[in-house]
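Engineer: Take a look at the letters that make up each chain.
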Amino acid sequence: MNPSMPITEAPGLFTADGLTGLIFLVMMAVTLIGGLIACCAERLVRAVAGLMVCFVGVASLYYFLNSPFVAMMQMLIYVGAVCITIAFAIMLAAPEESKKNGPAGPLSGPLGFITAGIVTFGLIVMALNTKFPILAKVNQGTAKEIGIQLLTQYSMVFELISIVLLIAIIGALVLARAGRSK
Amino acid sequence: MSTLSLYNNLNTFLYLAALLFGMGVYGLVTRRTLIGMLISAELILAAASINFMAFNRFTAPDPTVGQIFTLFIMAIAAAEAAIGLSIVLAVYRNYKSIDTEDLVELQG
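Line order of the protein sequences matches chains D and E.
Just so we're aligned: 35 in numbering that gives the first Met the number 0 is position 36 of the first sequence, and the numbers increase by one with no gaps anywhere.
Just so we're aligned: 78 in numbering that gives the first Met the number 0 is position 79 of the second sequence, and the numbers increase by one with no gaps anywhere.
Take these hints with a grain of salt, some might be off.
[As the list claims (entries may be wrong)] The list that follows gives simulated cross-link-like pairs (lysine to any residue, SDA-like), each with its CA atoms no further than 25 Å apart: (1) Lys130(D) <-> Leu5(E); (2) Lys143(D) <-> Ala74(E); (3) Lys130(D) <-> Pro60(E); (4) Lys95(E) <-> Lys130(D); (5) Lys95(E) <-> Arg176(D); (6) Lys130(D) <-> Glu79(E); (7) Lys130(D) <-> Asp61(E); (8) Lys130(D) <-> Ala74(E); (9) Lys143(D) <-> Val64(E); (10) Lys136(D) <-> Ala47(E).
Read the hints as simulated data drawn from the structure, not as lab findings.
For reference, chain E alone in the conformation it holds in the complex (with noise of 0.2 Å):
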């Protein structure tokens, strides 16, 4: 197995995709905005479409179906992006922050 062969691995999409979640994991636990915040998770859904497309393309016997999941992931996530967007507006209007620490009712 050379470099340049790679592609034709199932092992390296499926760390690519483990890197991705984890860069979106960190990034979900450090940003201090909400904006921030879903840029993370736009991340950790793409790494979750990446290991679809891989084991579809290496052992699924019929290679549609995991195609059709991503489209649905997608479909998922770009309704999740415009309803999250709608809502860090609406906060913002309230709040006139996004930020994660100032948006607390109650003294504590």
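So that you can see chain D by itself, here it is in the shape it has in the complex (with noise of 0.2 Å):
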């Protein structure tokens, strides 16, 4: 994929364009639908596998956007790591949707709905209505422009969230076995 060329005229299906624009459609519907699993299906394994089918989506989303390196950290960490501790949790917890509606009352969906439906309007309006300007790229976004900024202008950011992820694992451990009988 060229970075900076945007195309003017209609690709035929069968050129490289084509099948490009093709491939881009069916991995938008995966994550569309992906996350309508997610946040819809009545079971909670259900929606752990619609999430993971979602960032699949997301990681070749990533890939479109020129950024090989961030589209594999997405199916690690995600994909490999995120939702396996959610479908860990939900083994765990065993947490069986027992009673359909309780004291939010049959209302909640349909008002769900609706302020879910006003945010995405007014994000799309607002998508739609502005003018982004177009700046000149500096450098090309590669993996290994991506270290070289981690380890120089980032090294600070990069150590600390280092330090934030080291407090979350400790933090963790110590949270799941505080109340453990035996």
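Each chain sits in its own coordinate frame; assemble them with the hints.
Structural biologist: Below, the structure is given as structure tokens:
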């Protein structure tokens, strides 16, 4: 993919650009369907499976955005670690949604839908009506350049985030062990 | 602008991220269990990351910055998932339920 060359004329389906566009449409559908399953599925195990599908789609979108390194990290961290951790928690806590409607009542579904619809509509209208200035690129954003930036300009943030992760691991262990009986 | 060249358009990604964000908000409002809400929060974070990456690809002068920011979002999300899930397990051990309606001490 050429990083900074907008396609002006419509590509044919069986050219390289056309097939790329077709794959992009498929992955966009995968992302949206996965997200729908994740937010609407009745059982939590299915929601986690939908989340996994959605994250695979998001990883391919990152690939389309010229960032194969971030796409790989998405697959490793989200699909490989976060989803599996959530699946473990579901198995450990066994949360079957027994009661359909609690005090929130049958209204929570439509009201939630309206809230989400308003937020989504607002964001789309804002994206539609804003003119974003396009600036000249100073580099290509390859994995090598990411590494150089991480160890020079962003080295402090890099160290801090590792401390955050360390504290998170220790905190998770302490929290999960605390009330354990034998 | 044909359907097949949508991937070269900033607005496609912004709409996609807005839809994912909306799904996350819907799940966060309607889910009755803590783990379900956590799953929806992950959807919201994914939408934010897509926005960062889209602006990074199409408008930002230095395309490493958005990628680094997305990597940090991933690290924070992993930490959040670990802490959140251990809190869920601790809650489950105390209340024998992770339904948000059951997690009350007071009557009312």
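Engineer: Does each hint fit the structure? Answer for all of them.
Structural biologist: Comparing the hints with the structure gives:
1. Proposed proximity of Lys130(D) and Leu5(E) is supported: the alpha carbons are some 18 Å apart, at most 25 Å.
2. A distance of roughly 20 Å separates the Cα atoms of Lys143(D) and Ala74(E); the hinted pair therefore holds under the 25 Å criterion.
3. For the given pair, Lys130(D) sits about 16 Å from Pro60(E) by alpha-carbon distance, which is consistent with the 25 Å threshold.
4. Distance restraint check for Lys95(E) and Lys130(D): the Cα-Cα separation of roughly 52 Å exceeds the 25 Å cut-off, and the hinted pair is therefore not satisfied.
5. The hinted pair formed by Lys95(E) and Arg176(D) meets the criterion: a straight-line CA distance of about 16 Å does not exceed 25 Å.
6. For the proposed pair Lys130(D) and Glu79(E), the alpha carbon gap of about 34 Å is over 25 Å, so the pair is violated.
7. For the given pair, Lys130(D) sits about 19 Å from Asp61(E) by alpha-carbon distance, which is consistent with the 25 Å threshold.
8. Between the alpha carbons of Lys130(D) and Ala74(E) the distance comes to roughly 31 Å, so the proposed pair goes past 25 Å and is violated.
9. Distance restraint check for Lys143(D) and Val64(E): the Cα-Cα separation of roughly 13 Å lies within the 25 Å cut-off, and the hinted pair is therefore satisfied.
10. This hinted pair checks out: Lys136(D) and Ala47(E) have alpha carbons roughly 22 Å apart, not beyond 25 Å.
In summary, the numbered hints that this structure violates are 4, 6 and 8.
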